[in-house]
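K.L.:
All chains, full assembly: derive it from the sequences and hints.
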Amino acid sequence: MSDLKFNQSKRTFLKTGLASVALSAPFVGRAWAETVELTMLGWYGTAEPDMVGAFEEANNVKFVPKYYAGGDNMLAALAQNPPGTFDIIHTDAEYAKLLVANDLVMELDASAYPIDDLLHDDFKSFAGHWDDSGKLYSLITRFGHLGVSYNKEVMSAEEASTYDIFWDERLTGKVGHFDWHLPSLGQMSLLMGNASPFDIGEDAWKAVQEKTLSLKPQVGGYFDFGGTFSGLKNGEMLAMVGIGDWVTGILERDGAPVSSVVPKEGGIQWTESYSIAKTSEKTEMALKYLDYTMSPEGQVKTAQMLGYPGHAVTKAGRAMLNEVDPAEAARSKQVNGDPQDPITLINEGRISYRDIPVQQSLEDWNDFWSEYKNA
Amino acid sequence: MRRLNLYALTFRLPIIIWQALFFIGPLLFVIAMSFFVVKNFRMVETFEFDSWSKMISRDFVWSAYRYTLVMAGSAAALASLLAFPAAWFLAFRCSAQARQLAILLLIIPFFTSYLVRTFSWYTILAESGVLNGGFALLGLGPFTMLNTPFGTLVGYLTFVLPLVLILQTVTMANIDDRLIQAARNLGCSSARTIRSVILPAGKTGFIIAALFAFILSFGDFVAPFYLGGSNPPTMPILIIDTTKAGQQWPRAAVVAVMMMLTLFTIAFAAIMFAYRKRASR
Numbered sequence: 001m002s003d004l005k006f007n008q009s010k011r012t013f014l015k016t017g018l019a020s021v022a023l024s025a026p027f028v029g030r031a032w033a034e035t036v037e038l039t040m041l042g043w044y045g046t047a048e049p050d051m052v053g054a055f056e057e058a059n060n061v062k063f064v065p066k067y068y069a070g071g072d073n074m075l076a077a078l079a080q081n082p083p084g085t086f087d088i089i090h091t092d093a094e095y096a097k098l099l100v101a102n103d104l105v106m107e108l109d110a111s112a113y114p115i116d117d118l119l120h121d122d123f124k125s126f127a128g129h130w131d132d133s134g135k136l137y138s139l140i141t142r143f144g145h146l147g148v149s150y151n152k153e154v155m156s157a158e159e160a161s162t163y164d165i166f167w168d169e170r171l172t173g174k175v176g177h178f179d180w181h182l183p184s185l186g187q188m189s190l191l192m193g194n195a196s197p198f199d200i201g202e203d204a205w206k207a208v209q210e211k212t213l214s215l216k217p218q219v220g221g222y223f224d225f226g227g228t229f230s231g232l233k234n235g236e237m238l239a240m241v242g243i244g245d246w247v248t249g250i251l252e253r254d255g256a257p258v259s260s261v262v263p264k265e266g267g268i269q270w271t272e273s274y275s276i277a278k279t280s281e282k283t284e285m286a287l288k289y290l291d292y293t294m295s296p297e298g299q300v301k302t303a304q305m306l307g308y309p310g311h312a313v314t315k316a317g318r319a320m321l322n323e324v325d326p327a328e329a330a331r332s333k334q335v336n337g338d339p340q341d342p343i344t345l346i347n348e349g350r351i352s353y354r355d356i357p358v359q360q361s362l363e364d365w366n367d368f369w370s371e372y373k374n375a
Numbered sequence: 001m002r003r004l005n006l007y008a009l010t011f012r013l014p015i016i017i018w019q020a021l022f023f024i025g026p027l028l029f030v031i032a033m034s035f036f037v038v039k040n041f042r043m044v045e046t047f048e049f050d051s052w053s054k055m056i057s058r059d060f061v062w063s064a065y066r067y068t069l070v071m072a073g074s075a076a077a078l079a080s081l082l083a084f085p086a087a088w089f090l091a092f093r094c095s096a097q098a099r100q101l102a103i104l105l106l107i108i109p110f111f112t113s114y115l116v117r118t119f120s121w122y123t124i125l126a127e128s129g130v131l132n133g134g135f136a137l138l139g140l141g142p143f144t145m146l147n148t149p150f151g152t153l154v155g156y157l158t159f160v161l162p163l164v165l166i167l168q169t170v171t172m173a174n175i176d177d178r179l180i181q182a183a184r185n186l187g188c189s190s191a192r193t194i195r196s197v198i199l200p201a202g203k204t205g206f207i208i209a210a211l212f213a214f215i216l217s218f219g220d221f222v223a224p225f226y227l228g229g230s231n232p233p234t235m236p237i238l239i240i241d242t243t244k245a246g247q248q249w250p251r252a253a254v255v256a257v258m259m260m261l262t263l264f265t266i267a268f269a270a271i272m273f274a275y276r277k278r279a280s281r
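Top to bottom, those sequences are chains A and B. Per the working numbering, the very first residue in the first sequence carries number 1; after that it's consecutive. Per the working numbering, the very first residue in the second sequence carries number 1; after that it's consecutive.
One or more hints might be untrue.
Computed spacing ranges between beta-carbons, pair by pair [claimed, not checked]:
| no. | chain 1 | residue 1 | chain 2 | residue 2 | range |
| --- | --- | --- | --- | --- | --- |
| 1 | B | Leu-199 | A | Arg-170 | 43 to 51 Å |
| 2 | B | Leu-27 | A | Arg-170 | 43 to 51 Å |
| 3 | B | Leu-28 | A | Pro-82 | 24 to 32 Å |
| 4 | A | Ala-79 | B | Trp-62 | 26 to 34 Å |
These are computed hints drawn from the structure, not numbers from a lab. Here the structure is a predicted model, which is why all the values come from computation and not from measurement. Where is the CB? At the ideal position from N, CA and C, for every residue including glycine.
P.N.:
What follows is the structure, encoded as structure tokens:
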């Protein structure tokens, strides 16, 4: 009796189950079919939930991040993976021009983006983002400034307002480098009075090398992301060359006594852009994400990014940031009228856009960097 | 003519195949890669000496090479010296059970990732760390220990000291106790016993232990990077730097081949010395 009962209930259970699966299959299938996977090649943090979570939820998208560190690695990832591997490419602006030159990214419709709403005229025709015929290939999305990053318990912002502070005897053995030649050597070039720090002749290049070598006795180490953060946080390094608020901003949010300032010799701007790989098969969704990043909401997310903070590039984005997160807007000086407002600094001519060396090869700069580390 | 012994081959073949696939094959590929060139961030298979001429003509490569040799040699020497008294105690003054327990305890650090163990030194060696806290109580310091060659050596020793200690203990525990008793009966002091009996009898084990310490330190990236602050860089750091800069894998392969040639030479010399018979008088 009990066996019969069990068999009946088992049969009923199986029937009900199969019927349910059959009825729901079209919906389940559709839901699965509609989930688009977008592969993002970018710096760490750009495809994390704080950045893409809301977009994923709203559009049934799943981001697959492929992170890199340094433009060379980004280009290598593109060269060494089969076409179609990546959909969205997040890159430093100086490398975006190489993407365009190598025909790796698709043309974008400039009229689809709030170009007129960009905070600075330079951003509207950013070098390397447009080709000679005026076609847009890369979309500026966030930026930040590099200067002197310092421990506030050891020196004041005023003292830190010159690159000469790196030679201060209080900092012997306590000056750290972010281990990448472009920002550090660019800052040395600014200190040597080169208005275009990456476009220098042979004599100026020699002078930059000599000046950099003279800093060696002060240097405590060369660090990657993790080492830079921990070095500043635990006080092992009291000042850092080649970084800015993108590092100290995170530590400041955690209460560490560190900050960054653009010194009187000028600062260097890192600029990040989005492009869509020419071989992507998901361009529709990728374009939708680019729309989102340029929306006020997307711009606020980019300014608040947990990986490392940056500045909004649109007026609407900045306005919304001031409205929804005034503390972060004030901390990062993205407030109209603030003397350290990044846009004011650009207008005052105190900012140079980071670039690849113009009169020397990247290899020359790399070689010198290795020499310097071994000096 | 010798016949092929299938039974013996059954046992020998796996190791031969394994070594061919995972050691000799990659080794030959790295050597071949050192003659490739990079164009547009992509490696082109060719046979050119560009990478070799570029790398061996650079002073910084040789200074990194010298520094790595000195640091790895120092780590091997220090680990051997520091391990010796403890190994001697474990081998000759402990019961068998205590020795087994000690060896087990020495193996336990390997259960934790070497990277994690290295990072834990941050809290100990930092200027605001545990050691400097202790020195401050004595009115000393603070001393800079992180991002220095000292920091690198601490990292190397974290890696190799337990291993050297285990090898030395096993070596000394296998020395015939009667030889030591005979030396003492003949009036040898402890120092003379060590010099005339223990060191010659355990020579092979001591040299193999030091060789392991040298090889592991020479190729280690973690300690010089995280505790030495890459200041100055060692050869493994140079490999990373080279690949980061323009994806120059062929140049990195040159550095790797230089390292392998060095290790082959030193390992060969050490093993020859370890197994050399003493000349009879």
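K.L.:
Please go over all the hints and tell whether each is borne out by the structure.
P.N.:
Here's how the hints hold up against the structure:
At about 50 Å, the beta-carbon gap between Leu-199 of chain B and Arg-170 of chain A stays in the expected band of 43 to 51 Å. Between Leu-27 of chain B and Arg-170 of chain A the Cβ separation comes to about 50 Å, which falls inside the hinted range of 43 to 51 Å. For Leu-28 of chain B paired with Pro-82 of chain A, a C-beta distance near 26 Å keeps the hint of 24 to 32 Å intact. Ala-79 of chain A and Trp-62 of chain B have their C-beta atoms about 31 Å apart, which keeps the hinted 26 to 34 Å range intact.
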